[in-house]
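J.: Below, each chain spelled out in residue letters.
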Amino acid sequence: MSEHVDSVRTYASVWLILLALTAATTAVAYVDLGAFSVVVALTIAVIKMLLVALFFMHVRHSTQLTRLVVVGGLLWLGILLTFTLADVWTRGLIGTPGR
Amino acid sequence: MANHAEAQAETLALREQFDTAEQQKDASTLGMWVFLITEIMFFGGLFLAYTVYRDIYFPVFALASSSLNAVIGAINTAVLLCSSFTMVLAVRASQVGQRNALIIFLILTLILGVAFLGVKAYEWNEKFQEHHVPGPTFHLEGTGQQGEAQLFFSLYFAMTGLHALHMLVGCGILTWLLIQSWKGKFTPEYMTPVDIAGLYWHFVDIIWIFLFPLLYLIDRHLGR
Amino acid sequence: MRLPLFPEQASNFAPETDHLLYFLLAVAVFFTVLIFGAIFYFAIRYRRRSDRELPRVLHTGLALEIVWSVIPFGLTMIMFGWGADLFFRESRPPANALQIYVVGKQWMWKLQHMEGQREINELHVPAGRPVRLTMTSEDVIHSFFVPAFRTKEDVVPGRYSTTWWTPTKPGKYHLFCAEYCGTNHSRMIGWIYVMEPQEYQTWLSGGRAFGSLAENGEKLFQDLACGNCHKADGSGRCPNLVGLFGRNVQLADGRTIKADEGYIRESILQPNAKIVAGYQPLMPTFQGLVTEEGVLQLVEYIKSLGRQPGTTPAEVSPNPPAPKNQ
Amino acid sequence: MITAAAQERETYLNASYGIKSWLLTKDHKRIALLYLFTVTLFFFIGGAFATLIRIELLTPQGGLVSSETYNKLFTMHGVTMIFFFLIPSIPATLGNFFLPMMIGARDLAFPRINLLSWYLLVIGGLFALFAMLAGGVDTGWTFYTPYSTTYSNTWVIATAIGIFVAGFSSILTGLNFVVTVHRMRAPGMTWFRMPLFVWAHYATALIQILGTPVLAVTLLLVFCERVFHIGIFDPALGGDPVLFQHLFWFYSHPAVYIMVLPAMGVVNELVSTFSRKPIFGYSFVAFSSLAIAVLGFLVWGHHLFVSTQSVYAGMVFSFLSYFVAIPSAIKVFNWTATLYKGSISFATPMLYAFGFIGLFTVGGLTGLFVASLGLDVHVTDTYFVVAHFHYIMVGGAIMGYLGGLHYWWPKITGRMYPELWARLSALVIFLGFNLTFFPQFILGYLGMPRRYHTYPDEFQVLHVLSTAGASVLAVGYLMPMVYFIWSLRYGQVAGANPWGATGLEWQTASPPPVHNFDEMPVVTHEAYDYTTVLGEVEVG
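Protein sequence lines, in the order shown, are assigned to chains A, B, C and D.
Going by this note's numbering, the first residue of the first sequence is number 1, and it counts up by one from there.
Going by this note's numbering, the first residue of the second sequence is number 1, and it counts up by one from there.
Going by this note's numbering, the first residue of the third sequence is number 1, and it counts up by one from there.
Going by this note's numbering, the first residue of the fourth sequence is number 1, and it counts up by one from there.
Isolated chain A, as found in the complex (with noise of 0.2 Å):
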């Protein structure tokens, strides 16, 4: 049953990159990036997300069944902050005040 058993090396490494990640988008915070400061810092977080769910998490042994629920989640909660954003930041563009 259980099919994959990752070695503790695997695992350290992944542990210790993450690590480090922390460490860079703390670090890199203190740099001024301007508007790009928040894309490194998505980044790095999406980053990480991808190392511990594949990794810890087992997905890239997992069904595909099993990704596929994942990729609809993060795409649910695309879908709400896309179409919500999608008004915040026309408000007002029509050129009349609450349009």
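Hints listed in this document are in silico derivations from the structure and should not be mistaken for laboratory results.
Honestly, I wouldn't trust all of these hints.
As the list claims (entries may be wrong) - Here are some chain D residues the structure puts well away from chain B; computed CB gaps all over 10 Å:
| hint | residue |
| --- | --- |
| 1 | 25 |
| 2 | 69 |
| 3 | 161 |
| 4 | 175 |
| 5 | 228 |
| 6 | 320 |
| 7 | 340 |
| 8 | 475 |
| 9 | 481 |
| 10 | 509 |
| 11 | 521 |
| 12 | 526 |
Stated by the list, open to error - Only some residues are given here: those of chain C computed to face chain B with a beta carbon under 8 Å:
| hint | residue |
| --- | --- |
| 13 | 270 |
| 14 | 272 |
| 15 | 285 |
Glycine included, C-beta positions come from ideal geometry on N, C-alpha and C.
Given chain A's structure and the hints, the job is docking chains B, C and D onto it.
T.: Same frame as chain A, now just chains B, C and D:
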């Protein structure tokens, strides 16, 4: 060995709705993943509110974010990542049937989880003393937009509070797992509870991976 | 007792909205008759005659599925385009519109004319001229709804919203609050009086106006000592407000924003939200010191500063960038 | 309740006795009956509120109750009917009972979670009932801020907690269904052999899983705002009340499909069984359920056209709203086409199915009106919208629910209901419904705003008509209540398959044994293959 076989017979007793152990394990794992989806959407509402207000009131959010202690935040992130590491080792130990290792790693995970909550409590306490808790006594130095600054801290408390609540539940699950593994309930053939508890624990970790840069690291370079 | 089926048509948008309705009604009636007719016909024609009969299985016709997906879809796209076009025009008041300011509160409508007339739960407007309403709320969300004009727009606390229409027929029309706002929601109603233009002029001059809106705003401006800092010659510690309205303002954080009503309102109530480039965040907030009506008077006063002879009217300022409304 | 014939064998009803055997049961069939009892209770509570509303609106001046009371009545009507009746109605009762049976499973994947979700509904319901008895709540079921957070002096918090808890009940039901459909199908039961009822419930479950948590967190924020005044939606602190509306409708628009998709699922079974034909365009109908579930999440902003949402966002939402019309139209056309050259029986469930198709068609078509930006500006927040969604939720969801209840009643209880009374009540409900809600379309276009306690005199005639219809409707709803209870004792004993239907639930005894099937089924046929149930037949 007789003891082991007995435990196995007991735990392998299928719940009556399932035909095979395989089916039971698959169903439980899928159930946990689907549950995690609902958790994504649950936190999603807060992430949305955060994104909208950060966009509209960016300067105040940056100022308010700078009042948090990024070093403590980073250390706490590391603590949580370590706990994920020990958790995955616990899952591995149960996969290969090392009962003692399983117990040790579960204890380590629990300690790290409690440590995270302790640091969190220390930070919140600090907020109370600095009047950074939303309410009538709220005050953030350096801005005239007290209402908007308060919004940041409302979201800070809502998000970290809800996260901490999930940690608390996680610690409860770990304790239960600990008792069960002490009793030798888990075998390489039956370790689904450890496995899906691991999924939950890592998920809570992922939420924090996003909370940390979003709450602690806005415009740090201004050096406020 | 009267049993009307359609409300009166009393604005430029009323016939347009009704035409859109007629189109949708035609489509809806067609499909309703089609479905009901088919069900009745099939049910009777193919009723079960023997308990042991088994009808032949009909296999799916892909062509049929495509036809009954594509045709309705085409019809709905007409509905979308037509409705969107109407809505788009309803969202852009013309430059020459008569400006009225509206404040909703539990449970009344307070309306102010440019000339200073104030009305409660009543609004007098001339026929044949576009009227633009700039609206806000003192408490909860309300909605300004005139069925005879077929228009409605929410009135939201903390921001300005806009609606407009051209009354076409003199008469007396219902004004309703359409967004649930508490106990006396159903009594937050009033009347719109559409008058012949000359009648309206008479009404205006006969009113008990205490100075025009801009004049009242100027008085408030002086009472609050705004002029101590916002000096008209630009020598003050704060930005010069002459000619501000409708201009693009460079902000300290690098953004550029168009100075519309919402921006001026925000700058009075949350002065630190958007600091003009080159100035310090010195201004205290006037939240709680000025009522929403007072803010509207100040806004109108500042707008009037932009209407110096020889300058373009603020409303027609082209190329609006992307200001965020709140 | 137990017939002589049934006494000889063990069924899920007589396998054990006593209150504990019900309150601690893990049998999906018994849990379904617990739900049936609960939602029926809430239906009549919500119905009582509706009755008072309709009586009040007989006169324009509002003489019967005060404005405060009236506002509480329509709020509690909405809260009860939506969160405690419609959302659990079909999935938690008929779905719970028949989804496992239809795919040939002994139970749902997580029976204990199933029981937990019933308890959550009851606990949530108790919070809501407490709020109602303690003094009621007056925010409207939509809880718009800042009214709900700052201005209302009523029991908002208790009601919000009730809905929050009931929300988790709905999430857990959805979770259980998704896992069950994926992991518990009998040998041979491939996805495209599943009855369309199962497809519809699968789609519904997806919405419950993906949407409900957002409602939960939104209510949590309303709760925090009310208790701690944290400002998330308070304009005085820079909060955005329209953000609340986005969060609320992200759930509450798809929630409409939580209510109507299961009813569509029921109608598939009814139309097929009573015309003895497979549903025309099976795979189109199956996928249209999924399409509705997915597209339903992309259109919530059409509730915000006049809310000061941006014009461009409004256009996107209006555009996407029309996409939902297509899968809905596909379903209606395919049901109608199924009747063509069928063998059509006029048994009561089929009458409900006809009623559903007709009323859903009207409700769906008027949905096109409110999705059209220019027209919605006039009709939104009027009785037009009230009429539209009652056509979907009462004309659609409740007709489907009652149709399903009649259809499966012999399977659930082992007894037939009285056919003549049942047909009569179906007719009374259909007529009463139309008389109640059709005048409201006209009222709405005339400009009658919703949630009005008093109204101008010229609207009275239509209101009186509507109230007259409501009294007919009330009689119609009471009738099944009476004869269903009557049939438990006096109804004709039903055989295993009284309708000649094809679903696996009909291949086992009525009422079913504890583990559903004496012998686990192996599926070798497509869904709706009537050659399997009718021995000798005349092929028409």
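J.: Hints broken by the structure, by number, lowest first?
T.: Per hint list: 4, 5 violated.
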